[in-house]
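Model the full structure from these sequences, guided by the hints.
Top to bottom, those sequences are chains U and R. Numbering follows the numbering used here, in which position 165 of the first sequence is assigned residue number 165; successive positions increment by one, without gaps. Numbering follows the numbering used here, in which position 13 of the second sequence is assigned residue number 13; successive positions increment by one, without gaps.
For the record, the hints were derived by calculation from the structure and aren't laboratory data. Among these hints, one or two may not hold up.
[As the list claims (entries may be wrong)] Listed below are several chain R residues computed to face chain U (Cβ distance under 7 Å; list not exhaustive):
| hint | residue |
| --- | --- |
| 1 | V18 |
| 2 | D26 |
| 3 | N136 |
Note that CB positions come from ideal geometry on N, CA and C, so glycine has one too.
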Amino acid sequence: MDCNTTDFAGYPELDLEHIQRTMIDTSTFHYQPTDHEAEKASNSYVMSMIAIMGGLPLPIINLIATFFFYLGNRKGTFFVRWHCTQALLSQLFLIPFNSTGFWWTVSIIFTPETISSKYIAYIITLFIFNLIEFIGTIYTAIVTRKGRHVEWWVIGGLTNIICKA
Amino acid sequence: MKKILTELVVTMVVIFAVWLGLSQLDWMKLFNIRQNTQNTEEKIGDLFWKMLKNTETEITSDSIVAPVDSILTRICSANSIDRKKIKLHLLRKDEINAFALPGNHLVVLSGLIAACENEAELYGVIGHELAHMEKNHVMNKLVKEVGLSVLISMSTGNGNSEAIKSAIRKISSSTYDRKLETEADLTAVDYLEKTGINPEPFASFLYRLADQTKNLPSQIYWISSHPESKERAEKIIEQIKGNDFPKAEAKDSLRFERLKAKIKERLDE
Numbered sequence: 001m002d003c004n005t006t007d008f009a010g011y012p013e014l015d016l017e018h019i020q021r022t023m024i025d026t027s028t029f030h031y032q033p034t035d036h037e038a039e040k041a042s043n044s045y046v047m048s049m050i051a052i053m054g055g056l057p058l059p060i061i062n063l064i065a066t067f068f069f070y071l072g073n074r075k076g077t078f079f080v081r082w083h084c085t086q087a088l089l090s091q092l093f094l095i096p097f098n099s100t101g102f103w104w105t106v107s108i109i110f111t112p113e114t115i116s117s118k119y120i121a122y123i124i125t126l127f128i129f130n131l132i133e134f135i136g137t138i139y140t141a142i143v144t145r146k147g148r149h150v151e152w153w154v155i156g157g158l159t160n161i162i163c164k165a
Numbered sequence: 001m002k003k004i005l006t007e008l009v010v011t012m013v014v015i016f017a018v019w020l021g022l023s024q025l026d027w028m029k030l031f032n033i034r035q036n037t038q039n040t041e042e043k044i045g046d047l048f049w050k051m052l053k054n055t056e057t058e059i060t061s062d063s064i065v066a067p068v069d070s071i072l073t074r075i076c077s078a079n080s081i082d083r084k085k086i087k088l089h090l091l092r093k094d095e096i097n098a099f100a101l102p103g104n105h106l107v108v109l110s111g112l113i114a115a116c117e118n119e120a121e122l123y124g125v126i127g128h129e130l131a132h133m134e135k136n137h138v139m140n141k142l143v144k145e146v147g148l149s150v151l152i153s154m155s156t157g158n159g160n161s162e163a164i165k166s167a168i169r170k171i172s173s174s175t176y177d178r179k180l181e182t183e184a185d186l187t188a189v190d191y192l193e194k195t196g197i198n199p200e201p202f203a204s205f206l207y208r209l210a211d212q213t214k215n216l217p218s219q220i221y222w223i224s225s226h227p228e229s230k231e232r233a234e235k236i237i238e239q240i241k242g243n244d245f246p247k248a249e250a251k252d253s254l255r256f257e258r259l260k261a262k263i264k265e266r267l268d269e
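Pasting the structure below:
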């Protein structure tokens, strides 16, 4: 789920390429998707982004929104299906972490559980990884809109297993 | 597949390492959270006590306050609890009740002292309320029943007197949940054991008042706000089974008898 942004002004070219190779693999798909396909694939990430903004602090809403988008496009072309699946898996990956944070917060408000440094550290960690995912999602939405294929660290490999041509 | 698993493990390790690394920092101190929470709690507690003081009669006579104070001090010193932070107040009222307010205010009504048959029973009740304070039950109950926003507005001086009275009613005569009551009971037993006081009279007190509640339900607030008393008494007995405790000293019993006599005088006035 780790990813990087496309433009780190001032960073050496080599570093950017290295990060791209390891965290987000931007490569050409085995066929050239049409403009319509690229738009739909990109929309799956846009959908997931809007869901993140609208769904906070209830992490399950992001998943449900992305799941319905996935259902709507599961009979689409391979490029669209593949990216809908990657968007859905990216949400699924964060769900256990976000849910833990959510219920931990609820327990602090409604039970004798008290706020602690461990809790604050967890929320900051959540924020960092959600931010990385958010930036990755924006980047992927832009790149797939151009018809280029993007595979995420961990999630891309899982998507390849689930999504067959 | 191996590549995915490796990537997954690396990701998980990175996430946990970041969490663990960030946990090493004292965020509570960094964000001043403990101090802010304490200030809010103290403001609310002072506000509640001020309201109570204006509506009830406080007992300030040294001959009554000193024996109760010495019980509290003895429990605190035996259990490494800072005695200075606890503000003890005695009120002249025939209700059998004692309760903890936010900001470490401990309120004991004279009716409760009069209802105790011996000093160990009073030790038990004070230990129980002390446990509610130490385990942060008081603020949790208030947040749950009154709401965080109302409490914050009270602490900033925007609470109306009706809301404050209602919050005091809730904290003094409504129930803590069963789990918290059991935790406070068992913590009180622990406090008593460390103080060298037999917790059995505390269990007897619960048992006796549970029976009396049937006849005088409106007077026995401490029991009506502490349900399942018989069951709780049994749990205490179970907890201390087989333990030996020193017998109460004659001078302590005498001092308690004198305290009760003075309390009765006040109640009859």
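> Looking back at the numbered hints, which does the structure fail to meet, lowest number first?
Replying inline: none
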